[in-house]
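**Q** Protein chains in written order, with my numbering: chain A, 1 to 199; chain B, 1001 to 1223.
Worth flagging that the hints you see were computed from the coordinates, not collected in a lab.
Please read these numbers as outputs of a predicted model, since none were measured by experiment.
Here a beta-carbon is modelled for each residue, glycine too, at the ideal position from N, C-alpha and C.
A couple of the hints might just be wrong.
Quick list of in silico lysine-lysine cross-link-like pairs, BS3-like style, CA-CA up to 25 angstroms [claimed, not checked]:
1. Lys1095/B <-> Lys1106/B
2. Lys27/A <-> Lys1207/B
3. Lys1095/B <-> Lys65/A
4. Lys65/A <-> Lys1106/B
5. Lys1078/B <-> Lys123/A
6. Lys1078/B <-> Lys1106/B
7. Lys1207/B <-> Lys195/A
8. Lys1078/B <-> Lys1179/B
9. Lys27/A <-> Lys1045/B
Covered stretches of chain A, going by a simulated chain B footprint (3 or more residues, C-beta under 8 angstroms) [what the hints assert, rightly or not]:
10. 72-78
11. 124-131
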Amino acid sequence: MSEGHDHSHLSDTELRVRSLESLLVDKGMVNPDALDALIQTYEHKVGPQNGARVVARAWVEPEFKAWLLDDATAAIADMGYHGRQGEHMYVVENTGEVHNLVVCTLCSCYPWPVLGLPPTWYKSAPYRSRAVIDPRGVLAEFGTEVGADVAVRVWDSTAELRYLVLPERPEGTEGMSQEDLGALVGRNAMIGVEKVSAP
Amino acid sequence: MNGAHDLGGMHGLGPIDAEIDEPVFHHEWESRVLALTLAAGAMGKWNIDISRHARENQPPGTYLASSYYQIWLVGLEKLLVQADLISEDELSSGKSAGPLSEDLAKRALRAGAVPEVLARGDNFTMDDEIPAQFAVGDRVRVLNNHPTHHTRAPRYTRGHVGVIERCHGVFVFADENAKRQNNRIPQNIYSVCFTAQELWGPDAAPKDCVYVDLWDGHLEAVE
């Protein structure tokens, strides 16, 4: 960000962000290394692999699953995942009768400690507008079929409760280890727009 | 406020563009905006609801035409000026007219503190013993209010009747918390279940429901 550097290739937004960052650094409000530490946390350390471990443990340990459904915040903290944007967790279970889907129609609330930062589509107007009025259409767009006899429950994250979907364990995974099961669980299944498939 | 951010139930916004193997950030500046927002929060001049309101309080056309982190950038600039942490002149010139006060500078987030600050999170619950106004199974109606300030009662729920599914306990009331710093009013939050047919009419799937977290101040009893 040195003076005189050629910024002609940068967009107006990039220039605006650079200007703001240099201003806040000059004022002593932010430390650049703290910014880097924040970014590295969400680029490399915190992500849906955390939630996948929670799901896999719930699949193999009935007692943990019961705890997770009863007091998700404590059960998830027991695995080391807690803090910002996951202060109050609630886990909803998919079954043969119920399919859960999570949205934040008002902004972008999302359980950061277990899923990381939300994907662009989750924060986008199409998803936020349609998840509540047309959840089955949204699911179909993700290639997820839910029968008419299954109840679709949409959770709109309007308060400081953060929702995680416990997907159904796929058939044919009986002999798999907890670690291998975790590798099957993708972010979208924990938001509820997809199901988990056997390998 | 009845802004463009309150999207539930709108039509015409197009298909969902779910990118395969999406990166956490698409441009470096997006990561800087996120980090600047989190770091500047350490000044203690605003809370999450004030920051949400700063982001949503834009002309609907602008809001809908902006990318997610563009909305965050506009929100952060607004918060910094509102809180007198920077002046309009400093914002437009990018040049500091002087350092922060010593007291504020001491609050600046340091890299070493990042893990602990993120792990601790924020404090949204309150110890006040406010009796729950509603019990599980009670029928409630969302008040037909249209405040011009921040509210967490989405438009699509207003005037509709739901059933209390669960009482979450006593939390900061977001609608008041958004008005200014240190305006923490304790209220109960409930998970309220609305049938899809109650919200969207008889053509909605009969078994489907939408669950919305609402505070005492959003609800009234239904006989």
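**Q** None of the hints should be skipped; say for each whether it holds.
**A** Verification of the supplied hints:
no., hint, verdict
1, Lys1095/B <-> Lys1106/B, "holds, 21 angstroms"
2, Lys27/A <-> Lys1207/B, "violated, 56 angstroms"
3, Lys1095/B <-> Lys65/A, "violated, 54 angstroms"
4, Lys65/A <-> Lys1106/B, "violated, 44 angstroms"
5, Lys1078/B <-> Lys123/A, "holds, 21 angstroms"
6, Lys1078/B <-> Lys1106/B, "holds, 22 angstroms"
7, Lys1207/B <-> Lys195/A, "holds, 20 angstroms"
8, Lys1078/B <-> Lys1179/B, "holds, 14 angstroms"
9, Lys27/A <-> Lys1045/B, "holds, 16 angstroms"
10, 72-78, "violated (count 0)"
11, 124-131, "holds (count 8)"
Checked against the numbered hints above, the structure violates hints 2, 3, 4, 10; every other hint is satisfied.
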